[in-house]
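K.L.:
Guided by the hints, dock chains B, C and D onto chain A, whose structure is given.
Each chain, written out:
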Amino acid sequence: MQVNETFKPTVVAFCCNWCSYAGADLAGTNRLQYPADVKIIRIPCSCRLNPLFILRAFQRGADGVILCGCHPGDCHYTTGNYYARRRMTLLFSMLDYLGIERERTRVEWVSAAEGAKFAETMNDFVETVTRLGENRRLEDLRCKSE
Amino acid sequence: MQKIGVFVCWCGSNIAATVDVQAVSDALAREPGVVFSTNYQYMCSQAGQDMIQEKIRELGLTGVVVCSCSPRMHEATFRKACEKAGLNPYMVEIANIREQCSWIHKDKLSGTEKAVLLGKAAVAKVHLNTPLTAGESPVTKRALVIGGGIAGIQTALDIAEAGFPVDIVEKKPTIGGKMTQIDKTFPTLDCAACILTPKMVDAAQNENINILSYSEVEAVKGFVGNFTVTIRRKARFVDETKCTGCGLCTEKCPQKKVPNEFNLGLDTRRAIYIPFAQAVPKAAAIDPNYCTMLKTGKCGVCSKVCTVGAIDYQQKDELLEREYGAIVAATGFEPISMDKFDEFAYSQSPDVVTSLEFERLMNAAGPTGGTLLRPSDGTHPHTLVFVQCVGSRCDGGEKGKPYCSKICCMYTAKHAMLTREKYPDTEVYVFYIDVRTPGKNFDEFYRRAVEEYGVHYVKGMVGKVVPENGKLKVQASDLLGGQQLHIDADMVVLAAAVEPDKSARPLATMLTASMDTNDFFTEAHPKLRPVESPTAGVFLSGACQGPKDIPETVAQAGAAAAKVIGLLSKDRLTCNPCVARSDELMCNGCSACEKVCPYGAITYIDKEFRGPNRTTLLRRVAQVNPAVCQGCGACTVACPSGAMDLQGFSNAQIMAEVDAICK
Amino acid sequence: MNHMTEIVTRISGVNPRKCMKCGKCTAACPAYDEMDYHPHQFVDMVETGRLEELMNSRGIYMCLSCFACLERCPRSVEPAKLIEAVRLAVVRQQGRNHLKPEQIPALLDPDLPQQAITSAFRKYRK
Amino acid sequence: MQERIKAKAIELLESGVCGRVLGWKTGEFFYDVTPAVFESREEIERDFVFGPFCGANLSKYLIAESRKGGKVGAFLKPCDTYSFQQLQKEHRILPENVYAVGVQCGGMCDIDAIRAAGIKGVLDVEEQGDSLLVHTLYGDKSLDRAAALSERCRVCKSKKILGCAELIGEQGEEQPSARFEQVAELEAMTPEERFAFWRGELSRCIRCNACRNVCPACSCEKCVFDNPSSGAENKAPANSFEENLFHIIRAFHVAGRCTDCGECSRVCPQHIPLHLLNRKFIKDINELYGPYQAGADMDAKPPLVNFQADDPEPSVVRERGTNP
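Protein chains in written order, with the working numbering: chain A, 1 to 146; chain B, 1 to 663; chain C, 1 to 126; chain D, 1 to 324.
For reference, chain A alone in the conformation it holds in the complex (with noise of 0.2 Å):
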């Protein structure tokens, strides 16, 4: 597949309080680079992400959604992240029934310590949807700036 050089596309990273957002922050204290195009959002825990978000953030024309948490087993509200991992997988399962493509959509799971892991995933998720291109399946036309 040929890959867009001048296309940067729009991801949306949710993060939890406790492991991923402090991943993230870890990542920013070694100075690992990841593209720009990630916006983190920070919630309390990966439980409290609501599927209208992910929804949301694609109509309005995001072309990559990622879902980071604490390690299964080590949330820190114990159990939120095993909810969040049975709701993101049917509704990932469900917007691929939709034939939206199922790359574009993704959890990971990262500790506070792993700044490293959060740099390359990041990586490796913006160079996925920058292959994908543009999210045509699930956008909302009014949004469109041009």
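It is worth saying that the hints were derived from the structure and are not from the lab. All figures in this text were calculated on a predicted structure; none of them were measured in a lab. We treat Cβ as the ideally placed atom computed from N, Cα and C, and that holds for glycine. Do not rely on the hints blindly, as some may be mistaken.
Cβ pair distances, simulated, as ranges [said to hold, decoys possible]:
1) P612/B with D297/D: 34 to 44 Å
2) P32/B with A196/D: 52 to 62 Å
3) A120/C with G133/A: 52 to 62 Å
4) D107/B with A120/C: 55 to 65 Å
In the SDA-like style, the derived pairs of lysine to any residue whose C-alpha atoms are separated by at most 25 Å in a straight line are [unchecked claim]:
5) K595/B with Y289/D
6) K117/A with V316/D
7) K340/B with H380/B
8) K301/D with P72/A
9) K399/B with P72/A
10) K81/C with D478/B
11) K172/B with P551/B
12) K3/B with E31/B
13) K473/B with L70/C
14) K399/B with T29/A
15) K607/B with D226/D
16) K422/B with C194/B
17) K422/B with D342/B
18) K464/B with L51/C
19) K81/C with Q475/B
20) K81/C with E71/C
P.N.:
Okay, now just chains B, C and D, sitting in the frame of chain A:
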């Protein structure tokens, strides 16, 4: 419409080098509702905070956005500053343009663009912020210490000293822990029992301390200041209050073949036993796995010889439920199993022992009465080989522990020195990878072992140990001397890595305290909050947090006690106001939220609502206890109608951030 | 990293920087007396780029590939794989075969298993 | 059957067990039977029907009816009883105010299926054992009942009646069903084909909210799409994405609670196969977390408020490789 002030921080050059801060503050000035926007070199400095406060007063700002470092760093700082100027602290949002922008991007153009977007998202969120006030909850002025080793004892003593009642829960029949098994302590070589047992007695006699020995924590409910803990008092079949500790029963018990765990199975005890002479409480316990009376109903010797009638074969486990304001985990450590290190022949020869077993072999109260004898044939060993780092500093996974167990270098030096001191006819080899001796008088101690006592320190791990004709053939490499060594040793002592006690993991689950991959409890902050768990009201003492020697354990125990005292001396606690709230008008009462709440913060009431035609309708609706809710938000997603929302991270706020970022 | 080091680490998949220099590999090595350089030195020499010396050493052919070092290494450095990689790097060079077919009969032992002869060919010759 | 049910309804009213009963009456056409509350013998004798077009699931009406004071009688077909139990689990129906009578069902018919069988000018349909006697403008025609069944009844998952005070007709059993076949067919397509399929279907949506109004799981006091503080309020579609959003979220909100009663597809005026969305969730839940039938078990924890420590990771969706 909110009146929002935007404050963009340069963080010196940390932000300003990759982000055009002027462009950011200019762009954000054009956002709706933004009435003031500026940038400054160090927003977190006194001058920066003063500026924010001045603008709040001058312009009557209703919301503040600070574009700076991570909110994990300075959110609290800025909230406090704004509160002083009369703004509700929850009207402040941070846009993280350092850790998540300037530090990770090199291109100034895209960095600036991203910083603007992050700022816009924060502005969009502030528009929907509402002033929040923290609730309050009472504090139960009693502490629970889980684990009765030196860490638990010291913590309990310090808390009791401040006047608060403390319960110690210890799973063994006596408190004292691992330190009771240690012979002498480095680097002063004073006897462990001589310094520990007076503390055990102090704990028993302190009227603020209640020792629950032979007990385990079964369940923990509640939250900081208000824990309810269920404790299982295991049946010891002896009435602790009647038993005088005379020990007659332990002499007369006919069941003699029970491996003695206090001496690590190097000798035997009876089925009814007092773990050791200075045990606290000094009361016997019956081992139900070996007692003939309990197993077959025939015997009863102990009951016959007991002069005070303390024996009770009918005793059952008892469940206690108690309230506490604070909980201290002091569950300690265990040496790892040697199963995976059979190259050292631990399973093949009784003369290969672990360091803790060696402590018992050197101890006057140990199986050999303090004379160092080979477990296999009871002869005096002449050549001893100590192997360090067994199972420590490994690659992780199957091979062993990835961390340094910290205490082995020093206790091995101690063992080597004591052996040479007591038995000058011995040859003692210590095989090491590195000798790590940071600590007061530690390196001096190690040098003395080498220089004064003539211990042979050899750089290099032992490759294998083969038992042959009553000897142990040790093959090792002297890496500095560049020669292969073949030593015919009489004994081999393995400095086994330490690992957290097995009870720690289930306990952590009950406490909702987090653990690292090695099952050590994680601290709230590795540097600044080393004795607190991230779960409020749970504190950490001793080796359950990481490998530690005795002085460090005692220091941490004191620190944990200080934190507990600080908590218990408060009458009320303010709670996190970012909690879930249910909109009763929309709630279906379907119980989905209750099922996912990890804290049991949600209850239901039947409430009357106005129905059509002047009727009233009784409807079941959810209510959140704000003191119990920790604000994870699991309920908000489980709720289909959106009646449940999270204050500070509401559906509308997050949507606004999404919209701002995606546009 | 010089070219040869890169080749050797790539063939072997070993990261010599993981070595903490405990010497357990050497201590476990049954061929210690036959070797001029010992397993822990191998790892160190790869890391410091002393590949030329290593490639000219007799020791790489004395290694039995018994994998004791690999098995015992606490850091999973796998010295045996490095040694194999160095051997490969040598035989891949023109004219650097360790054994020539005409040398073989003299070395043959009637008790030597056929498999060992075959594997020696693979190890020492292109 | 109809007479037995009517007699039971009258008995319930006259014996004082119930103050009113919930049943079906004919609408404008014989095939658009609608739910109705009957309060007197006369009403029942005049209007009460039970026939091949009584597809409406009455359980949802019990949410409101069970709170109006007094006891309400209700006739429930096997698949309705799953919804009935599910709603009790969610504390939506107050069971103490309901007298439920289970009614065994031979499968409900679809007027479109009859028309599709080539029968035109249908005036009325009469049940005659396993076949239907269809009165038309052009005379009477006979049709196999199986050929006239609606899709959901052709793949009926259970004839078991749950949680009713009494039964009319035989108690049935759960039965093997081919209800996931269509889902599997879709799964086997390429993403492009699936996207084209769903765009074709969902773009017909007129957001009439019939699916939402009839669905027993969609029984919120106020729907998230009507709630201004949810951030997702939108009552009418503005472009093609809005239907996607609405239907995905609607399916997600009922996931784990949907009993697959099929009412959404029955009432859709645009004939969008909405049940295929719900069945996809049910199929995934069954495959990933173990078989689960909403409403079947009063004590089982619904899969979306439950978890196992070793649940599959979300990446399973990418790895599963449903297509080449």
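K.L.:
Taking 25 Å as the top limit, are the C-alpha atoms of K81/C and E71/C close enough?
P.N.:
Given that 25 Å is the threshold and the Cα spacing comes to 11 Å, the pair holds.
K.L.:
Taking only the CA atoms, is the gap from K117/A to V316/D under or equal to 25 Å?
P.N.:
The hint holds at about 20 Å.
K.L.:
Next pair to validate is K81/C with D478/B; report whether the Cα-Cα distance is within 25 Å.
P.N.:
holds, 23 Å
K.L.:
Tell me if the straight-line CA distance from K81/C to Q475/B falls inside 25 Å.
P.N.:
With a Cα-Cα distance of about 23 Å, the restraint between K81/C and Q475/B holds, given a limit of 25 Å.
K.L.:
Hey, K595/B versus Y289/D, does the alpha-carbon distance stay inside 25 Å?
P.N.:
holds, 17 Å
K.L.:
Keeping to a limit of 25 Å between CA atoms, is the pair of K3/B and E31/B held or broken?
P.N.:
Satisfied, since the Cα-Cα distance of roughly 11 Å is no more than 25 Å.
K.L.:
Given the hint that K422/B pairs with C194/B, test it: the Cα-Cα distance must not exceed 25 Å.
P.N.:
Holds, at about 20 Å.
K.L.:
Compare the distance between the alpha carbons of K172/B and P551/B with 25 Å, and conclude whether the hinted pair is satisfied.
P.N.:
At roughly 23 Å apart (the allowed maximum being 25 Å), P551/B and K172/B satisfy the hint.
K.L.:
Going straight from one Cα to the other, do K301/D and P72/A come out at no more than 25 Å?
P.N.:
Status holds; Cα separation ~20 Å.
K.L.:
I want to verify a distance hint. Is the separation of the beta carbons of P32/B and A196/D within 52 to 62 Å?
P.N.:
Violated, at about 40 Å.
K.L.:
Do the beta carbons of D107/B and A120/C sit within 55 to 65 Å of each other?
P.N.:
This hint holds: roughly 57 Å between Cβ atoms.
K.L.:
For the pair we were handed, K473/B and L70/C, check the Cα-Cα distance against 25 Å.
P.N.:
holds, 21 Å
In terms of the numbered hints stated before, the structure departs from hints 2, 7, 14, 17, 18, listed from lowest to highest.
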